[in-house]
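Participant: Each chain, written out:
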Amino acid sequence: MNTRQWATVFCTIILIASVSDANTESLSPLESLKGPINRIIDVLNDPAYKAPGDKEAQREKIWEIAHPIFDFLELSKRAIGKPWTRFSSTEQDRFTNVFSEFLGNTYIDKLQGEYNNETIAFEKELVKGNVALVRTTLRRPGAEIPIDYRMKKIKGAWKVYDIIVENGVSLIKNYRVQFSSILQSETPDQLIQRLEQKLNAQAAGTSQVN
Amino acid sequence: MKHCPLPLLLALIAFIGLATGCATQNKSSAARQDKTLQMPAAESSHPQEDRTLQPPAAELSNTQKDQRPQTPAAEPSNASTALTDDEEALLEDNFENWEEESAVPAIADPIEPFNRAMFTFNDKLYVWLLKPLSLGYRKIAPQPVRTGVNNFFHNLTAPVRFVNCIFQGKGQAAVAEFASFTLNTVYGVLGFGNVTKKYPELNPPPEDLGQTLGHYSIGDGFYIVWPFLGSSTLRDTIGRVGDAFLDPVNYVEPTETSIAVRGFNTVNMLSFRIEDIDAAKKAAFDPYQAARDYYIQSRQGKIKK
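If you read the sequences in order, they're chains A and B. The first sequence begins at 87 in my numbering and counts up one residue at a time. The second sequence begins at 361 in my numbering and counts up one residue at a time.
Don't read these hints as lab results, they were simulated from the structure. In this text the structure is predicted, and so the values were computed from the model without any measurement. It is possible that part of the hints are untrue.
Below, a list of computed lysine-lysine pairs in the DSBU-like style, where the Cα atoms sit at most 35 Å apart [what the hints assert, rightly or not]:
hint, chain 1, residue 1, chain 2, residue 2
1, B, K664, A, K147
2, A, K196, B, K499
3, B, K662, A, K136
4, A, K241, B, K642
5, A, K196, A, K168
6, B, K662, A, K163
7, B, K499, A, K147
8, A, K168, B, K642
9, A, K214, A, K141
10, B, K499, A, K168
11, A, K163, B, K641
12, A, K196, A, K239
Please build the complete structure, drawing on both the sequences and the hints.
Facilitator: Laid out in structure tokens, this is it:
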């Protein structure tokens, strides 16, 4: 084969590769967020879960949909920051698990507690390389809250690693301020225990804020 | 005060209106509200509420409409990766290097013991007084009425926003504030109705004197928690004092009435956010630190705009 033929073959391979690539990861950041969020809203509206006894089943259903949206490892790393390297790999795993469960419980609780006629408008997505920002507005009677999702392409899929509320407040930074202050005087293990205690309190329903 | 500015008159008339059962314009605002809210999430193809971003330079957005005539259509959409400066800034995650300590915005807190005491005081004020009041108020005042009250108070502080737009050289935003104020005062009946809500170009990000000072690179100073008023910084406290001269509620006489009006505004605002506040408290490990960081991050976000 001469150079030209080689070039053709090469181009064809690239083309095929990129097409199949596009097929497997065709979802844009906004799309990969919109699908699951709309499914969560459906679950929240589902009359099948209206009875108080069904709340736990509903929560599990929501968590099942919500969990894959996030990259909890990235999220946990960022919430800890520099001291992350002080965590042993078991501690890193434990923290990631307990922190994701804590976030899930806290925010699903809130969703279940007061979801009434809230709608989410997906405004736009900003993409640059493998990072993206998806801008949404949460609308409820009399209030509108801008919520932006920071996303990162991880293994071909867009995952959320931070949430920015009201045009500039990063949820993860907010936790980081609190965790770094705890870690100044406590060990990673003690921090994880604190989280576990908070989780248990949630489970026992004693974490009521009056 | 000896002089009696126009806004005071407006305020009084408005309150009489409110007390006598807030007539028609709230109904119309109610209708409008409902329409917006029944819009299913899936149909959200109108990014009309986005007050913060320049329109996308190219086909970056899934939302099609570009409603910002005032923006210079800068780059002749050369590439689908072209972002406006504002979008660049938004997308830029100065938190990219998660290992770095400096990624977290720091605020000096030399008077932390005082601040914590005030924080506790404000929290008790909320738990024991403001929250029950807001819950009760929410039961008797339907949402459209509360939205109308919110609109009214927002409209009332238009002079503050207008002047600070001017101070920051934001001519278009100043014009927008002036236009909204006029339209909402006239057609929204003293500002109870928000007739300009649907037009993002008439709703620029709200400015205040603290942001103006920040705009000119004056730093926060340090964190202060004021009793009743909550989170602030040295700079924002100065800003607040300056802005107060343009706030009609401060000219209400006697002082008791002025305070009552402000309290009413607070309860009305809280009636929309009780669950958010409670959730934030539950989600925090140290509510004081969480609130402090929330305030600083939120102010930094506002100053950038």
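Participant: Enumerate the violated hints, using their earlier numbering and listing them in ascending order.
Facilitator: Hints 1, 3, 9 and 10 not satisfied by this model.
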